[in-house]
Structures are given as C-alpha cells and as structure tokens.
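Q: Okay, here's what each chain looks like letter by letter:
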Amino acid sequence: MQMRNARTAPYLFLAPFVISFLIFGAYPIVRSMILSLYITSGPEAQHFVGLDNYLYLLRDPDFWTAFSNTATFAAGSVALQLPLSLGLAILLNRPDVRGRDVFRFIFFSPNLMGLVFSALLFMLILAPRFGLLNASLHALFGLPLTTRWLSTPELVMPALIMVALWLYTGFNMVYFLAALQSVDGELYEAATIDGAGRWSQFWHVTLPGIKPVLIFVVVLSTIGSFQLFELAFLLLGNSSGPDQAGLTIVMYLYQNGFLGGDLGYAAAIGWTLAGMVLILSLIQLRITGTGKEDR
Amino acid sequence: MRRAIVYSLLVVFSIGCLVPIVWLVVSAFKANADFQAYAFVPPVDRLTMANFPSLFKQMPFLRFMVNSFFVAGATVIVQLFFSSLGGFALAKYEFAGKKAIMGVMLATMMIPGPVLLAPMYELIYHLRLIDSHLGLIVPGMVNVFGMFLFRQSMLSVPDEMLQAARMDGCNEFQIFWHVVMPVSRPIVGAFCLIAFMGTWNSFLWPQIILQSSDRFTLPIGLNQMVGVYEADYGAMMAGTLLAVLPVVMLFFLLQKEFIAGLTKGAVKG
Numbered sequence: 001m002q003m004r005n006a007r008t009a010p011y012l013f014l015a016p017f018v019i020s021f022l023i024f025g026a027y028p029i030v031r032s033m034i035l036s037l038y039i040t041s042g043p044e045a046q047h048f049v050g051l052d053n054y055l056y057l058l059r060d061p062d063f064w065t066a067f068s069n070t071a072t073f074a075a076g077s078v079a080l081q082l083p084l085s086l087g088l089a090i091l092l093n094r095p096d097v098r099g100r101d102v103f104r105f106i107f108f109s110p111n112l113m114g115l116v117f118s119a120l121l122f123m124l125i126l127a128p129r130f131g132l133l134n135a136s137l138h139a140l141f142g143l144p145l146t147t148r149w150l151s152t153p154e155l156v157m158p159a160l161i162m163v164a165l166w167l168y169t170g171f172n173m174v175y176f177l178a179a180l181q182s183v184d185g186e187l188y189e190a191a192t193i194d195g196a197g198r199w200s201q202f203w204h205v206t207l208p209g210i211k212p213v214l215i216f217v218v219v220l221s222t223i224g225s226f227q228l229f230e231l232a233f234l235l236l237g238n239s240s241g242p243d244q245a246g247l248t249i250v251m252y253l254y255q256n257g258f259l260g261g262d263l264g265y266a267a268a269i270g271w272t273l274a275g276m277v278l279i280l281s282l283i284q285l286r287i288t289g290t291g292k293e294d295r
Numbered sequence: 001m002r003r004a005i006v007y008s009l010l011v012v013f014s015i016g017c018l019v020p021i022v023w024l025v026v027s028a029f030k031a032n033a034d035f036q037a038y039a040f041v042p043p044v045d046r047l048t049m050a051n052f053p054s055l056f057k058q059m060p061f062l063r064f065m066v067n068s069f070f071v072a073g074a075t076v077i078v079q080l081f082f083s084s085l086g087g088f089a090l091a092k093y094e095f096a097g098k099k100a101i102m103g104v105m106l107a108t109m110m111i112p113g114p115v116l117l118a119p120m121y122e123l124i125y126h127l128r129l130i131d132s133h134l135g136l137i138v139p140g141m142v143n144v145f146g147m148f149l150f151r152q153s154m155l156s157v158p159d160e161m162l163q164a165a166r167m168d169g170c171n172e173f174q175i176f177w178h179v180v181m182p183v184s185r186p187i188v189g190a191f192c193l194i195a196f197m198g199t200w201n202s203f204l205w206p207q208i209i210l211q212s213s214d215r216f217t218l219p220i221g222l223n224q225m226v227g228v229y230e231a232d233y234g235a236m237m238a239g240t241l242l243a244v245l246p247v248v249m250l251f252f253l254l255q256k257e258f259i260a261g262l263t264k265g266a267v268k269g
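Taken in order, these protein sequences are the chains called C and A. Counting with the numbering used here, you get residues 1 to 295 for the letters of the first sequence. Counting with the numbering used here, you get residues 1 to 269 for the letters of the second sequence.
Warning: the hint list may mix true and false statements.
Claimed, not checked - One side only, chain A facing chain C, incomplete, derived with CB under 10 Å:
(1) A37
(2) P43
(3) V44
(4) L47
(5) K92
(6) M105
(7) W200
(8) V228
Claimed, not checked - Restricting the straight-line Cα-Cα distance to at most 20 Å, the calculated cross-link-like pairs of lysine to any residue (SDA-like) are:
(9) K98(A) x L12(C)
(10) K256(A) x A178(C)
(11) K99(A) x P16(C)
(12) K99(A) x L22(C)
(13) K211(C) x I90(C)
(14) K99(A) x S20(C)
(15) K99(A) x G113(A)
(16) K256(A) x N93(C)
(17) K98(A) x K211(C)
(18) K57(A) x N223(A)
(19) K99(A) x A178(C)
No lab work stands behind these hints, which were simulated from the structure alone. The model shown is predicted, which means the values in this text are computed figures rather than measured ones. In this text, a Cβ means the ideal position worked out from N, Cα and C, and glycines have one as well.
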C-alpha cells in the first residue's frame with residue numbers, strides 16, 4: 001500500500017500542472033498557429049487566408065517601424081545596462097568596500113517600483129518645464145527646460161532606454177554580484193602569483209568565472225527588451241507617440257488584435273516575434289560558444 | 001585615493017537611483033500649483049496632504065486597491081500551492097515521464113508571452129471570463145518558473161527525512177505538507193514576493209480583458225485616470241506612491257529570502 005502510494009503520488013502532485021498546461025499552454029500554442037492563418041473580427045468571425053497574414057506583415061511599413069524601434073530599444077538597453085551593472089557589481093565586490101548590502105539595496109530599489117508605476121512616475125519626470133529631468137539638466141548644465149522628450153520623435157527611444165536603464169541596472173547587478181561572489185578566490189591568488197595585472201585577471205579569471213550568468217543575463221535582457229510594451233504604451237498612449245516613434249512590436253500586436261479586433265493577425269505577429277527572438281538567442285549563444293565546451 | 005574613487009562612483013549611482021523615488025514621495029505631498037514653481041522640493045510649510053483625499057474623490061482608488069489585493073493574493077496562494085507541489089514531485093520522486101515533463105516546462109518558458117495573447121483571449125471569451133477577475137487568476141494557476149525554483153531548493157531536502165516520515169505513517173501528501181514545506185520556508189518567501197510583484201504589476205493581460213472600471217486593478221485604473229485628470233499631478237503621484245507601498249513593505253518583510261531565491265537558479269545552473 002505504502003509503495004503504491006509513493007508510485008502514484010508524483011503523478012497526482014503534477015496533475016494540476018499538466019491539466020493547466022494542456023488548457024492554458026498546449027491548446028493556445030496550437031490554436032495560435034491555426035489562428036495565424038485566419039483573418040478574424042473578434043472571437044466569432046473568421047476567414048481562412050493561409051499565409052497571407054505573414055506576407056502582409058512583411059510588407060507592412062508599420063511593422064518595420066515597430067521592428068526598428070524595438071531593435072533600437074533592445075540594442076540600446078543591453079549595450080548600456082550590461083557594462084554598467086557589471087561595473088557596479090565589480091566595484092561592490094571589492095573586499096575593501098563597506099556597506100555592500102546598503103548599496104545593493106539602493107541599486108535594486110527602482111525595481112521595487114515595478115514597470116507600470118515607474119512609467120507613471122516618469123510621465124511627470126520627463127514632462128517639459130516642471131519635470132525632474134529637464135529641471136536637473138537645467139540646473140546642472142543650463143540645458144533648456146522645454147525639451148519635449150515624449151513628443152520629439154528622435155528623443156522617444158532614448159527616453160525609454162533611460163527609464164529602462166534606471167529600472168533594470170540594479171536588478172542585473174544583483175545577478176552579477178552573486179556570480180562574482182561565487183568565483184573561486186584561489187584563482188585570483190594564482191593569477192597574482194603568475195604576475196597577471198588587473199586587466200588580465202578580469203579577462204582570464206573573472207569573465208570565464210561569470211560566463212554562464214553573463215550569457216543568461218544577456219539573452220534574457222534581449223528577449224525581455226523585444227517584448228517592450230508597457231513603458232511605451234503608458235508613456236505614449238494608444239497612438240504610439242509622434243511619428244510612431246514609440247511603436248513597438250507588441251504594441252503593433254495590441255493595436256491590430258485588440259483595438260482592431262483581428263486576433264488572427266495578432267497571432268501571426270506573435271509568431272513572427274517569437275521567431276525573431278529565437279534566432280537572436282541562437283546567434284547570441286553561438287557567438288558566446290555556449291553548448292560546446294560547458295555542457 | 002583609489003577607495004575614494006570607488007566610493008564616489010557608488011554614491012553617484014546611488015543618487016541616480018534614489019532621486020526619482022524621493023521626487024515621487026515629495027510630489028505626492030506637493031500642491032498642484034507648486035509643480036511649476038518648485039521643480040524639486042518646495043518649502044516644508046507648503047507641503048500638503050490634500051492630494052490624498054482628492055485621489056479618493058476623483059476615482060474609485062480604494063476599489064482598485066481592493067481588486068489588486070484580491071487578484072494578487074489569490075494568484076500567489078494558488079500558484080504557491082501548485083508550484084511547490086509540482087516542484088516537490090520533480091525533486092523527490094523518480095517516475096516515468098519526468099524528463100518529458102521537465103522538457104515541456106523548459107519549452108513553455110522559451111515561448112514569448114505575446115504569442116499566446118490572441119488564442120488566450122479567444123479561450124477566455126468562450127469560457128465567459130472576459131471582464132472578470134477569474135479571467136486574470138485562472139490562466140496563471142501554475143507558475144513554471146516557480147516549479148523550477150521549488151524543485152531546485154527541495155533537491156537538498158535529505159531523503160532520510162522523507163523515509164523517517166513514511167515510517168511514522170505519513171502519506172506522501174502529509175510528507176510534502178508537514179515535512180518538506182516547513183523546511184522550505186526561505187524559498188516560499190522568495191517565491192511569494194516574486195509572484196506578488198509579477199501579478200501586482202501585471203498590465204497587458206488585464207488591459208485586454210478588463211472593461212468595467214469597478215473591476216480595474218491599480219495599474220489599469222491609475223493609467224485610465226491619467227487620461228481623464230491629466231492636470232492633477234499631485235493626485236497622480238499620491239496614487240502611484242500608495243500603489244507601490246505594498247510591494248515595498250512585502251520586500252522588507254522577505255528581503256533575505258528574496259535575494260537568495262533570485263540568484264539561486266542562475267548561479268547553480
């Protein structure tokens with residue numbers, strides 16, 4: 001009796017996951033593929049069009065605007081956040097730094113605000129005249145108070161990248177700090193005895209030591225950045241900003257699927273996004289050589 | 001000298017992180033007329049509590065708060081139970097199909113969320129859950145990331161402990177509930193905070209399925225208010241401040257567990 005119990009137990013324990021996965025995971029994935037072959041108007045009216053949704057998408061200039069905005073955001077975010085968060089982690093990891101926990105908490109604190117509420121806050125911070133950003137730039141460097149961050153097309157993406165930088169740098173730093181702390185200290189001693197300088201220690205001991213975490217953070221940040229929606233939607237609204245400067249791929253999906261009511265097209269956009277993210281992740285993993293030596 | 005440079009860099013970045021938050025707190029107590037006159041901090045005697053009553057008068061803020069607490073609370077409890085149970089099964093039993101299930105879990109995590117928005121909307125529509133809180137809670141009953149988190153942590157519970165409980169006549173569920181869960185308290189704390197933050201800040205899905213304002217959660221409600229009461233900056237900042245307080249309080253309650261949980265999966269691979 002005891003034995004039988006222990007044999008069936010794991011299946012019972014996993015049943016909620018399996019059932020919920022079948023209904024809210026497997027079914028929607030399959031349904032999404034089918035749906036992407038239809039033009040729909042709301043959940044009731046559907047018309048089969050084969051691959052037309054995908055062909056239309058690739059020819060729609062709005063999609064390419066969305067793609068280029070999203071790619072700009074992703075590239076800008078990753079290129080700024082990663083060196084900064086790694087740099088901060090290295091500074092904090094120095095044995096002579098005191099108050100490490102306090103600094104770590106401070107750097108992490110923007111993350112507690114969360115994406116949505118940070119966006120609401122930055123709506124005012126980025127405002128012309130009385131906004132904190134213009135006021136600070138004016139006080140420090142004498143820049144004009146009238147810069148309209150969210151209604152000047154060229155400034156929209158830099159503004160979003162800046163908000164993301166504020167929000168996520170500390171979050172990534174927590175990962176890097178934990179990774180740095182797990183690097184074997186004896187490796188540094190050995191490197192010092194071998195006469196390695198600071199730079200060469202960083203290159204030959206630190207980087208290889210944190211490589212798995214580094215790749216993890218790079219890939220996840222890229223995937224996350226490509227799904228940019230909330231910041232752009234909250235700061236710029238339905239209309240996606242001046243000259244569509246804030247139109248992102250997910251916002252394009254939202255506008256077509258849920259404001260326009262074409263769920264089929266929304267599904268096609270979703271799969272196109274998934275394909276792009278997958279290709280990008282594979283390229284990143286290939287460049288960093290993951291999967292060859294490590295596993 | 002070197003140390004001075006290190007500290008000044010750290011302090012500069014600390015200021016960058018903290019100033020917007022301080023500005024939020026100050027703005028919540030700033031009169032609307034003072035936003036133009038004092039971009040940073042107005043004289044202390046000009047600070048006011050008036051934004052808070054005006055916030056509650058202008059919109060059903062309390063309703064939004066209650067809705068958010070209900071949705072986040074229910075989601076966390078359901079997810080905690082199912083994810084820990086599933087994670088326990090994966091950590092402590094050998095059974096046919098285990099590899100397949102873990103493979104499926106990994107694959108699910110790879111698929112970007114937006115792919116599922118359209119079919120999910122259709123599904124929730126046919127289940128008649130549009131514009132309901134159940135439509136927010138039910139699709140996220142099991143948190144795959146949470147299952148991995150619990151599996152990782154429960155691997156280190158010694159088998160002897162389970163064996164001893166079996167000898168004492170515990171059935172498998174009692175072992176999970178009375179033996180394994182109590183020793184997993186840190187990871188439970190970490191998971192609760194991560195899951196709560198995720199649900200509390202959730203925007204896109206609620207934005208899609210919620211329609212009536214008495215069902216809005218805080219992110220949806222506050223964002224709607226921005227459109228209607230655009231000039232009432234003080235009330236907006238007061239609302240934002242009140243909206244982030246629960247997360248901050250929960251964080252202070254659980255922060256040790258949280259940092260440990262956050263980095264556990266990453267570092268140990």
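Q: Decide, hint by hint, whether the structure agrees.
A: The hints, checked one at a time:
no.	hint	verdict
1	A37	8 Å, holds
2	P43	16 Å, violated
3	V44	19 Å, violated
4	L47	16 Å, violated
5	K92	8 Å, holds
6	M105	8 Å, holds
7	W200	7 Å, holds
8	V228	13 Å, violated
9	K98(A) x L12(C)	13 Å, holds
10	K256(A) x A178(C)	14 Å, holds
11	K99(A) x P16(C)	17 Å, holds
12	K99(A) x L22(C)	17 Å, holds
13	K211(C) x I90(C)	14 Å, holds
14	K99(A) x S20(C)	18 Å, holds
15	K99(A) x G113(A)	24 Å, violated
16	K256(A) x N93(C)	18 Å, holds
17	K98(A) x K211(C)	29 Å, violated
18	K57(A) x N223(A)	16 Å, holds
19	K99(A) x A178(C)	29 Å, violated
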